[in-house]
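J.: If you want the building blocks of each chain, they are given just below.
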Amino acid sequence: MAARTTVPFGPQHPVLPEPIQLKITYEDEKVVEVVPAIGYGHRGIEKACELNEYTKNIYLCERICGICSYIHSVSVVEVTEKLWPVELPPRVKYLRTIWAEMSRTHSHLLWLGLLADAFGFESMFLQFWRIRERVLDLLEMTTGQRVIQSVNVVGGVRRDISPEQKKTCIETLNTVRKESEALIKVLTKDYTVKSRTIGKGVLTKEQALQLGCAGPTLRGSGVREDARLTKYDAYGELNYEPVVEEAGDSYARALVRARELFQAIDLQLEALAKLPEGEIAVRVRGNPPANEDVMRTEAPRGELFYYAKGNGTRNLERLKVRTPTFANIPSLLVMLPGCELADVPVIVLSIDPCISCTER
Amino acid sequence: MGLIEKSRIKSPWILHFDNSSCNGCDIEILACLTPLYDVERFGMVNMGNPKHADVLLITGPVNRRTARVLKNLYAQVPDPKIVIAVGTCASSGGVFHNCYNVLGGVDKVIPVDVYIPGCAARPEAIIDGVVLALQKLASLRGDKK
Numbered sequence: 001m002a003a004r005t006t007v008p009f010g011p012q013h014p015v016l017p018e019p020i021q022l023k024i025t026y027e028d029e030k031v032v033e034v035v036p037a038i039g040y041g042h043r044g045i046e047k048a049c050e051l052n053e054y055t056k057n058i059y060l061c062e063r064i065c066g067i068c069s070y071i072h073s074v075s076v077v078e079v080t081e082k083l084w085p086v087e088l089p090p091r092v093k094y095l096r097t098i099w100a101e102m103s104r105t106h107s108h109l110l111w112l113g114l115l116a117d118a119f120g121f122e123s124m125f126l127q128f129w130r131i132r133e134r135v136l137d138l139l140e141m142t143t144g145q146r147v148i149q150s151v152n153v154v155g156g157v158r159r160d161i162s163p164e165q166k167k168t169c170i171e172t173l174n175t176v177r178k179e180s181e182a183l184i185k186v187l188t189k190d191y192t193v194k195s196r197t198i199g200k201g202v203l204t205k206e207q208a209l210q211l212g213c214a215g216p217t218l219r220g221s222g223v224r225e226d227a228r229l230t231k232y233d234a235y236g237e238l239n240y241e242p243v244v245e246e247a248g249d250s251y252a253r254a255l256v257r258a259r260e261l262f263q264a265i266d267l268q269l270e271a272l273a274k275l276p277e278g279e280i281a282v283r284v285r286g287n288p289p290a291n292e293d294v295m296r297t298e299a300p301r302g303e304l305f306y307y308a309k310g311n312g313t314r315n316l317e318r319l320k321v322r323t324p325t326f327a328n329i330p331s332l333l334v335m336l337p338g339c340e341l342a343d344v345p346v347i348v349l350s351i352d353p354c355i356s357c358t359e360r
Numbered sequence: 001m002g003l004i005e006k007s008r009i010k011s012p013w014i015l016h017f018d019n020s021s022c023n024g025c026d027i028e029i030l031a032c033l034t035p036l037y038d039v040e041r042f043g044m045v046n047m048g049n050p051k052h053a054d055v056l057l058i059t060g061p062v063n064r065r066t067a068r069v070l071k072n073l074y075a076q077v078p079d080p081k082i083v084i085a086v087g088t089c090a091s092s093g094g095v096f097h098n099c100y101n102v103l104g105g106v107d108k109v110i111p112v113d114v115y116i117p118g119c120a121a122r123p124e125a126i127i128d129g130v131v132l133a134l135q136k137l138a139s140l141r142g143d144k145k
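Which chain is which? The protein sequence lines are X and R, in order.
Under the numbering used here, the first residue of the first sequence is numbered 1, with each subsequent residue one higher.
Under the numbering used here, the first residue of the second sequence is numbered 1, with each subsequent residue one higher.
Excised from the complex, chain R in its bound form:
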């Protein structure tokens, strides 16, 4: 395993994008970064730039306007990448399923690897989901160890 592959799994960089969520999951993602949950102990760092990211954390249902933005972001994240749908609305549209501007979950637009349920998803669940995603990221490389 090369240095880049190893560091990708030991220190995944995360890109967070809010489709049109209620902020509930977004503040829980930020809560993950703060001292009580401290996700940095797994080497995870929140990045602003999609070109530096390995893991995409998506919150909220996809609506007609953010669908294009989401596709752009997904295309900008270099391979191998993992997409995590955080929260019930990102997974299926949730409580917003009958809103006219909502297309549904993130999987309507881009492929999703891990679904984290909850409204809002608890920080523990988010950390659990990201750790699960890392196992998948390792297996994607074909050198799982």
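The shape of chain X in the complex, shown without the other chains:
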């Protein structure tokens, strides 16, 4: 029998910028067991949300995760709005959709770059991040911040997209699409990329459903499931159909994200074209009433779930967040055993782990 070695993967590891530890047991070069140890990123945000006024929760919840921060702020704002409930002007719904898809574009470009970095394709990593800067410039132009936008308030948004900005957005998005198409060709045609991802970390449809996966991890295994199908914000009025791949390996998950990248650009262009005129905020009076509600949104990593309970005071009684990576970590325990030592970083990255979301 071959000797067993246990190697800690993290909490400080070059592949993941975030602190998570996977205790991986190898038999020669094959992985036989994986034990994840989480808790390094826990801050206690849910409790702090009960201590803060409800208006301050937006800024705290945005900082649950810096990559999908916009979708967190949409979720916390909309779950709070549902307590009254507040009727939103149509322009607000469209603006929120545009920014949410913009942050999805930057998140998927970021992930595609990190994937390339994980198997040592450094020039592709740098190229994806070069394109991503264009999207960040758009976010900065329209919201005022690159990473944490802080543009939502209960009852609306704080900034509008002017006609000039709209024109720049359309031009830049078309450039982003053209440049991404050239790079995605490398992803879909290159022999090295394929040999490092095809057949690695296979997750079957049954396993994905059983483990309760979410987002691109679930859709990469052939399940048509997306919170945008619930038609929140402006998604009901846009031409939207989830991207599904059947294979269930790391390559399929990469393809889902690559296709979603173009879909997100299309959704932004469509929403910009249909952008209705009107108010960008309504006045919301008083404290959140004693009521409870939930909100499902689709973050770049999968379905994000918020629950809020008000009690008539200016503090919420409870705010509960369930994030997509929390649902996706169990899938690693199925995907990793049996793989080679060198494939571990690629497979771990293929679920697009966001530890700060998971642990809050």
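One thing to keep in mind: the hints can contain errors.
[To be verified] Which bits of chain R does chain X cover? Going by a derived footprint, with three or more residues having C-beta under 8 angstroms, they are:
hint : region
1    : 61 to 75
2    : 97 to 105
3    : 118 to 127
[Claimed, not checked] Derived DSS-like pairs (lysine-lysine); straight-line CA-CA distance at most 27 angstroms:
hint : chain 1 : residue 1 : chain 2 : residue 2
4    : X       : Lys56     : R       : Lys108
5    : R       : Lys136    : R       : Lys108
6    : X       : Lys309    : X       : Lys320
7    : X       : Lys93     : X       : Lys200
8    : X       : Lys47     : R       : Lys108
9    : R       : Lys71     : X       : Lys23
10   : R       : Lys136    : R       : Lys81
11   : R       : Lys51     : R       : Lys10
12   : X       : Lys320    : X       : Lys231
13   : X       : Lys166    : X       : Lys231
14   : R       : Lys51     : X       : Lys23
15   : X       : Lys167    : X       : Lys274
[To be verified] Partial pick of chain X residues on the chain R-facing surface, computed with a CB cut under 10 angstroms:
hint : residue
16   : Glu18
17   : Glu62
18   : Val147
19   : Thr230
20   : Tyr232
These are calculated hints, taken from the structure and not from any lab test.
Backbone N, C-alpha and C fix where the C-beta goes; we use that ideal spot for every residue, glycine too.
Fit chain R to the known structure of chain X by using the hints.
T.: Below, chain R alone, put in the same frame as chain X:
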């Protein structure tokens, strides 16, 4: 000035550690490495190994669990070393100041040389902070030039 001292200042190797930040500053640090900001023109290289690093870039507030990891990492980086707290939460705890698991800024656990404010700290600010830290690294050697 010997070869090692000179190359340490001309080409500092960076170790990035995320305490429990929101990723905002972390992706901005990665953005520094990419073509638009291109921090490699200052000779800076991002390293995965603390034993090779000269500069520690720390993001996020220290919580009860990462405090030990951070102390370990700090002990593994060879002298002379510079610690940079990137972002508001690494400097003071920031928006997470009243979270029960957060101890506060990085300076609660290890000594910090440079604080970079911002939420998230912009890449320009991070580059500026690291260049400032290098001046301090040079002065630590006592042969500032």
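J.: Hint by hint, say whether it matches the structure.
T.: Comparing the hints with the structure gives:
1. 61 to 75: holds (count 6)
2. 97 to 105: It holds, with 5 qualifying residues against the three required.
3. 118 to 127: holds (count 3)
4. Lys56/X - Lys108/R: At roughly 26 angstroms apart (the allowed maximum being 27 angstroms), lysine 108/R and lysine 56/X satisfy the hint.
5. Lys136/R - Lys108/R: Measuring from Cα to Cα gives roughly 21 angstroms; hence the hint holds.
6. Lys309/X - Lys320/X: holds (9 angstroms)
7. Lys93/X - Lys200/X: violated (40 angstroms)
8. Lys47/X - Lys108/R: holds (22 angstroms)
9. Lys71/R - Lys23/X: It holds: about 21 angstroms lies between the C-alpha atoms, which stays within 27 angstroms.
10. Lys136/R - Lys81/R: Given pair lysine 136/R, lysine 81/R holds - Cα atoms ~10 angstroms apart, limit 27 angstroms.
11. Lys51/R - Lys10/R: holds (18 angstroms)
12. Lys320/X - Lys231/X: holds (22 angstroms)
13. Lys166/X - Lys231/X: Holds. Lysine 166/X to lysine 231/X sits at ~24 angstroms (cutoff 27 angstroms).
14. Lys51/R - Lys23/X: With Cα atoms ~22 angstroms apart, lysine 51/R and lysine 23/X stay inside 27 angstroms; holds.
15. Lys167/X - Lys274/X: It holds: about 13 angstroms lies between the C-alpha atoms, which stays within 27 angstroms.
16. Glu18: holds (5 angstroms)
17. Glu62: holds (8 angstroms)
18. Val147: Holds, about 4 angstroms.
19. Thr230: At about 26 angstroms, which exceeds the 10 angstroms cut-off, the nearest Cβ of chain R leaves the hint on threonine 230/X violated.
20. Tyr232: violated (23 angstroms)
Of the hints listed earlier, those the structure fails to meet are numbers 7, 19 and 20, in rising order.
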